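For the protein sequence lines, the chains are Y and C, in the order given. Its first residue numbered 15, the first sequence is counted upward by one per residue in the working numbering. Its first residue numbered 15, the second sequence is counted upward by one per residue in the working numbering.
Be careful, since some hints might not be right.
Since the list gives no way to pick out one identical chain from another, each pair is judged satisfied if it fits inside one copy or across any two copies.
With a straight-line Cα cutoff of 30 Å, these simulated BS3-like cross-link-like pairs (lysine-lysine) come out [to be verified]:
id, residue 1, residue 2
1, 110, 391
2, 96, 370
3, 96, 412
4, 138, 103
5, 415, 16
These are calculated hints, taken from the structure and not from any lab test. Being a predicted model, the structure only gives us computed values, none of them experimental.
The primary structure of each chain is shown beneath.
2 protein chains.
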Amino acid sequence: MKLEGKVVIAQGGGPTAVINQSLVGITLEARKFVQVTRVYGSLYGVRGIIDEEFVDLTQETTHNLEQVANTPSSALLSTRDKPDEKYCKEIFKVLKAYDVRYFFYIGGNDSADTVRIVNEEADKADYEFRAIHVPKTIDNDLVLSDHTPGYGSAARFVASAFTGVNLDNRALPGVYIGVVMGRNAGFLAAASALAQKYPDDGPHLIYMPERPFNQETFLRDVQRVYDRYGRCVVAVSEGIVDENGVPMMTILSKNTEVDAHGNVQLSGTGALGDLLSDLVRTRLKIKRVRSDTFGYLQRSFIGCVSDVDQREAREVGERAAHYAIWYNMDGSISIQRTGFYSVNYQLENLSDVAGKTRHMPDEFINESGNGVTDDFKYYIRPLLGSGFPTAHRLRAPKVDKILQVNT
Amino acid sequence: MKLEGKVVIAQGGGPTAVINQSLVGITLEARKFVQVTRVYGSLYGVRGIIDEEFVDLTQETTHNLEQVANTPSSALLSTRDKPDEKYCKEIFKVLKAYDVRYFFYIGGNDSADTVRIVNEEADKADYEFRAIHVPKTIDNDLVLSDHTPGYGSAARFVASAFTGVNLDNRALPGVYIGVVMGRNAGFLAAASALAQKYPDDGPHLIYMPERPFNQETFLRDVQRVYDRYGRCVVAVSEGIVDENGVPMMTILSKNTEVDAHGNVQLSGTGALGDLLSDLVRTRLKIKRVRSDTFGYLQRSFIGCVSDVDQREAREVGERAAHYAIWYNMDGSISIQRTGFYSVNYQLENLSDVAGKTRHMPDEFINESGNGVTDDFKYYIRPLLGSGFPTAHRLRAPKVDKILQVNT
Chain Y
15 MKLEGKVVIA QGGGPTAVIN QSLVGITLEA RKFVQVTRVY GSLYGVRGII
65 DEEFVDLTQE TTHNLEQVAN TPSSALLSTR DKPDEKYCKE IFKVLKAYDV
115 RYFFYIGGND SADTVRIVNE EADKADYEFR AIHVPKTIDN DLVLSDHTPG
165 YGSAARFVAS AFTGVNLDNR ALPGVYIGVV MGRNAGFLAA ASALAQKYPD
215 DGPHLIYMPE RPFNQETFLR DVQRVYDRYG RCVVAVSEGI VDENGVPMMT
265 ILSKNTEVDA HGNVQLSGTG ALGDLLSDLV RTRLKIKRVR SDTFGYLQRS
315 FIGCVSDVDQ REAREVGERA AHYAIWYNMD GSISIQRTGF YSVNYQLENL
365 SDVAGKTRHM PDEFINESGN GVTDDFKYYI RPLLGSGFPT AHRLRAPKVD
415 KILQVNT
Chain C
15 MKLEGKVVIA QGGGPTAVIN QSLVGITLEA RKFVQVTRVY GSLYGVRGII
65 DEEFVDLTQE TTHNLEQVAN TPSSALLSTR DKPDEKYCKE IFKVLKAYDV
115 RYFFYIGGND SADTVRIVNE EADKADYEFR AIHVPKTIDN DLVLSDHTPG
165 YGSAARFVAS AFTGVNLDNR ALPGVYIGVV MGRNAGFLAA ASALAQKYPD
215 DGPHLIYMPE RPFNQETFLR DVQRVYDRYG RCVVAVSEGI VDENGVPMMT
265 ILSKNTEVDA HGNVQLSGTG ALGDLLSDLV RTRLKIKRVR SDTFGYLQRS
315 FIGCVSDVDQ REAREVGERA AHYAIWYNMD GSISIQRTGF YSVNYQLENL
365 SDVAGKTRHM PDEFINESGN GVTDDFKYYI RPLLGSGFPT AHRLRAPKVD
415 KILQVNT
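Full structure from sequences and hints, please.
Take a look at the structure:
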């Protein structure tokens, strides 16, 4: 039995480099079904449903959709709104009025929760309705998935950036601290490990939220690396926490900003990096200490994208359309790894995914809690995609000294 | 008459994405000449000459040299040392002992000054010696050159980054401030203008060191853009100065660090961006304000390079070898633009380049001093190289509202 009606697609939360691949995957696939009367895009996430801000994607050219698919950041724009029951009732009022029968929300675990609530409201209202959560997050923190669309490209950016700053730090030695996104999970900071090509390459230390951050241990780690190599490159997750689970940023920052989900603002400020730099400079008396906060560049940079990530982001969109429209099923799409490297997609229960956070498993973090294991490198390498650039060094032999030997 | 002896190549100052193209250009070209007995690389810039830290590039494989050419950051490592007369006497002692007759120093205007001093010392010592300054700087601030090797790739990074953050800011509106390298010249911050594709695209405001930065004017500019678009993307040179020529960073930062050239440390800290953010947040009462400091990523990121920049960096190296070894001439290589887009190289007097800073010409800066002109866009576009990625938007038509019209 075919459920006839409209499709609405929305994008929520922080953008990724491939989030529009999923949008275009759903759109192109949905447009093939006769029971789909229109494919609408909601502007500014679920907020656009309330505000009735729709665009008609049925009237978008296929060529332009392909161009948009290769453009980072949410083409339908986004929101940080987290709908409660009242908000969802508003959503239904609109969806019913527009005869919408298929709802696709592309986002992270917050967005999965939104889809779950919306779907429950649909059930309560006895409205025949399919709702699918299409995963995306650079944090890679969705449960039940091997990894998430958006992670591979952000990881490629982080690994590329650390490849460069490691070379920079090698040429002009000192301590370098790079602060990487990742509120609860260290996957993105861990990706910096792919910059380690030669045995003495940085990042020499990687700190993730999965292990408590201790300032004294940190200083000892930096001193040890500095004594050995005359330099030290550090990768730090913005979400690192102390022994009591309190984010270092909360401890150190005065003006903390909280969003609708109760999350403290971590990005868009260089405070954490500057503080850690000051710590190294004052306590270890190392003169050249630099920090960069990668900030928004890592999730929206144009021209640094993983082709594997692109392909998978497109396919989760297509599969979402299949599950909803062919099979009349609700849920959340997950990526399952089936080989090295191959994947398959399956449908999970929304309640099994919504609001839950996946962390770096223990086998991906080294014993000292300041680096990653080979297991992690094996895990992440295919996700960076093809043509990942690597650094090369001179191997020219040293010349024997003349003057210093004679004197 | 052929001047027989060794070649020494060194790299100084901050790395670029293409500085090794010049190194490889000189090396491969110099190795062809019979009068060149050896091609040595000095480790850590001129410091490596004093320390007799040489590697024998004559014994490096051509294949590996080509791999190194495509790797960012100084493969011979670098230094911030600025030789005085005493330092230069030390250099000669070593160069003479090693029978070095050709010296190539790849660097910015500080490095040009080093070459000039070294060359003067050679003249005084009546030592037959050719010294060439091979330009590189992401700041694009060398006089007599249309542009400098290293600038195009850094500009491509900055333009790509702003393309992304503009999309990000469009999806999740607010004020975004991106702090770009550039101590004295605004060329690199200005490159952000290439992110402006659609008429309302950011950066909406660009502040360069060539125009005094006034906090009140800045706040008025931001408010005006915010009122118009509901968002605002700002690009700022790290080297912006107030009406009295004092760097904003010096005014605002407590722990200022000064290098051997008397330069205040501007990079490797998020302080300027955070301060400007606070200013907007407190004075304009705009809630979502974010800043990123692009830091070291913009000069060493692997995988974001301009092919035009690569080619020219290679050629300035090759031409340097020609001038020194074929023609027995000293000087500094400059790039001359001969068409749209074609270039030629010529040799300048070292004293005409050394220690001098080129600024953005008036015709590249708009009247309000908060943006660039079309002349600048025409100037910079070819330097970004081929395949520069651009953003695409949905053009799907808006859907007529149902509920909001009826109520």
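Going down the list of hints, with the structure as the test:
1. Taking the shortest alpha-carbon separations for residue 110 and residue 391, neither the intra-copy value of 48 Å nor the inter-copy value of 49 Å comes in at or below 30 Å.
2. Taking the shortest alpha-carbon separations for residue 96 and residue 370, only the intra-copy value of 15 Å comes in at or below 30 Å, while the best inter-copy value is 56 Å.
3. Taking the shortest alpha-carbon separations for residue 96 and residue 412, only the inter-copy value of 24 Å comes in at or below 30 Å, while the best intra-copy value is 62 Å.
4. For a Cα distance limit of 30 Å, the shortest separation of residue 138 from residue 103 inside one copy, 10 Å, qualifies, whereas the shortest one across copies, 87 Å, does not.
5. Only between protomers do residue 415 and residue 16 lie at most 30 Å apart by alpha-carbon distance; the minimum there is 27 Å, versus 83 Å within a single protomer.
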